[in-house]
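Once you've looked at the hints, dock chain U against the given chain H.
There are 2 protein chains.
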Amino acid sequence: MVEPTYLSAKSAAAANRAFYRAFEARDVEAMAALWLDDPSVKCIHPGSGVIAGLEPVLESWRCIFENTDAIEFEIKDPAIEVVGELAWVTAVECVRSTSHGETFTAEAAATNLFVLRDDVWRLVLHHASPIARRFKRG
Amino acid sequence: MVEPTYLSAKSAAAANRAFYRAFEARDVEAMAALWLDDPSVKCIHPGSGVIAGLEPVLESWRCIFENTDAIEFEIKDPAIEVVGELAWVTAVECVRSTSHGETFTAEAAATNLFVLRDDVWRLVLHHASPIARRFKRG
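Sequence lines, in order, name chains H and U. Okay, so the first sequence: first residue is 1 according to my numbering, each after it adds one. Okay, so the second sequence: first residue is 1 according to my numbering, each after it adds one.
Misleading hints may appear alongside valid ones.
As the list claims (entries may be wrong) - Chain U stretches covered by chain H per the calculated footprint, using a threshold of three residues with CB under 8 Å from any CB of chain H:
| hint | stretch |
| --- | --- |
| 1 | 7 to 18 |
| 2 | 33 to 46 |
| 3 | 49 to 63 |
| 4 | 106 to 116 |
| 5 | 122 to 128 |
Claimed, not checked - Pulled from the structure, derived: some chain U residues nowhere near chain H, Cβ distances all over 10 Å:
| hint | residue |
| --- | --- |
| 6 | 28 |
| 7 | 70 |
| 8 | 132 |
What the hints assert, rightly or not - Here are the simulated SDA-like pairs of lysine to any residue, each with C-alpha atoms no more than 25 Å apart in a straight line:
| hint | chain 1 | residue 1 | chain 2 | residue 2 |
| --- | --- | --- | --- | --- |
| 9 | H | 10 | U | 75 |
| 10 | U | 10 | H | 85 |
| 11 | H | 10 | U | 116 |
| 12 | H | 76 | U | 47 |
| 13 | U | 10 | U | 79 |
| 14 | U | 10 | H | 53 |
| 15 | H | 10 | U | 10 |
| 16 | H | 76 | U | 49 |
| 17 | U | 10 | H | 116 |
| 18 | U | 76 | H | 118 |
| 19 | H | 10 | U | 38 |
| 20 | U | 76 | H | 59 |
The set of hints was computed from the structure by calculation and includes no laboratory data. Note that the Cβ used here is the ideal one computed from N, Cα and C, for glycine as well.
If we strip away everything but chain H, and leave its shape as in the complex, we get (with noise of 0.2 Å):
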């Protein structure tokens, strides 16, 4: 079962590129293409509650493209975990985004859960979080 769970974990990590890619490209097209097509989806981007559904996820993508002019990602530590037909990556985002002219740097911790469906890894829920403070004691 090495090899499997290997090519498993390596197409999964695939699917989370393709992801940054079509967030990159500010392109709502190539992002519905990476969703399952369920009502069971969800989505929580940073600062927001949670969005379920295809179309209001996808409605919450095309409003973050209409207000970014440019978008890059660099993704820091991907862990991947692959369970039977599941697949989940964490992963901090460092972020450099335009938007109405300023730009910004920031990151965030994300959570990508993919399903395998039909050979293919379907996003089923994305979830990423403003990093802000560390765990120290005393």
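Below, chain U alone, put in the same frame as chain H:
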């Protein structure tokens, strides 16, 4: 397959409630018992980066519990999905917390991911993020 899935969703919902009971009790032992003992587990608290591995995750809970005098959750709109031996819950956490004599309320969006091991749902990922804004066009 309807009944097993239903039972799985019910038992995953019970595991999710046990997580918030351990959180409210600020009980590290109860919290530890809910997680898979595996280096792959991940925890992302509101504002934090990705905390990886059981010991660092439990250390983060100790830190939170030591700095919290009381905490209560109301869990809104929990949505539970089960695929094979994985289950995930998204929900809005309505939090009422007292720390260092001050009480505050907040809302967080949460993703909890469980894996079924020996007929027990074990947490492999908790991701919570502050809710600050809504997506509206225009």
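Pair hint residue 76 of chain H and residue 49 of chain U, alpha-carbon separation not exceeding 25 Å
holds, 11 Å
Do the alpha carbons of residue 10 of chain U and residue 116 of chain H lie within 25 Å of each other, as the hint requires?
Holds. Residue 10 of chain U to residue 116 of chain H sits at ~23 Å (cutoff 25 Å).
25 Å limit on alpha-carbon distance, applied to hinted pair residue 76 of chain H and residue 47 of chain U:
With a Cα-Cα distance of about 17 Å, the restraint between residue 76 of chain H and residue 47 of chain U holds, given a limit of 25 Å.
Against the 25 Å threshold, does the CA-CA distance of residue 10 of chain H and residue 10 of chain U hold or violate the hint?
violated, 33 Å
Given hint residue 38 of chain U paired with residue 10 of chain H - CA-CA distance at most 25 Å:
holds, 21 Å
Find the nearest Cβ of chain H to the Cβ of residue 28 of chain U and say whether that gap is larger than 10 Å.
Holds, because the least Cβ-Cβ distance between residue 28 of chain U and chain H comes to about 13 Å, which exceeds 10 Å.
Just to be careful, I want the Cα atoms of residue 10 of chain H and residue 116 of chain U compared with a cutoff of 25 Å; is the pair within it?
Within the cut-off at roughly 23 Å; holds.
Counting residues of the stretch 49 to 63 of chain U with a beta carbon closer than 8 Å to any beta carbon of chain H, are there 3 or more?
With 8 residues in contact (Cβ-Cβ under 8 Å with chain H), the coverage given for the stretch 49 to 63 of chain U holds.
If you draw a straight line from the CA of residue 10 of chain H to the CA of residue 75 of chain U, is it 25 Å or shorter?
Not satisfied, since the Cα-Cα distance of roughly 36 Å exceeds 25 Å.
Within 8 Å of chain H's CB atoms, at least three CB atoms from the stretch 33 to 46 of chain U: coverage verdict
Contact hint for the stretch 33 to 46 of chain U vs chain H: holds, 5 residues under 8 Å.
Is it true that the CA of residue 10 of chain U sits at most 25 Å from the CA of residue 79 of chain U?
holds, 11 Å
Between residue 10 of chain U and residue 85 of chain H, is the straight-line Cα distance small enough, at 25 Å or below?
holds, 21 Å
Against the hints set out earlier in the document, violations occur for numbers 1, 8, 9, 15 and 18.
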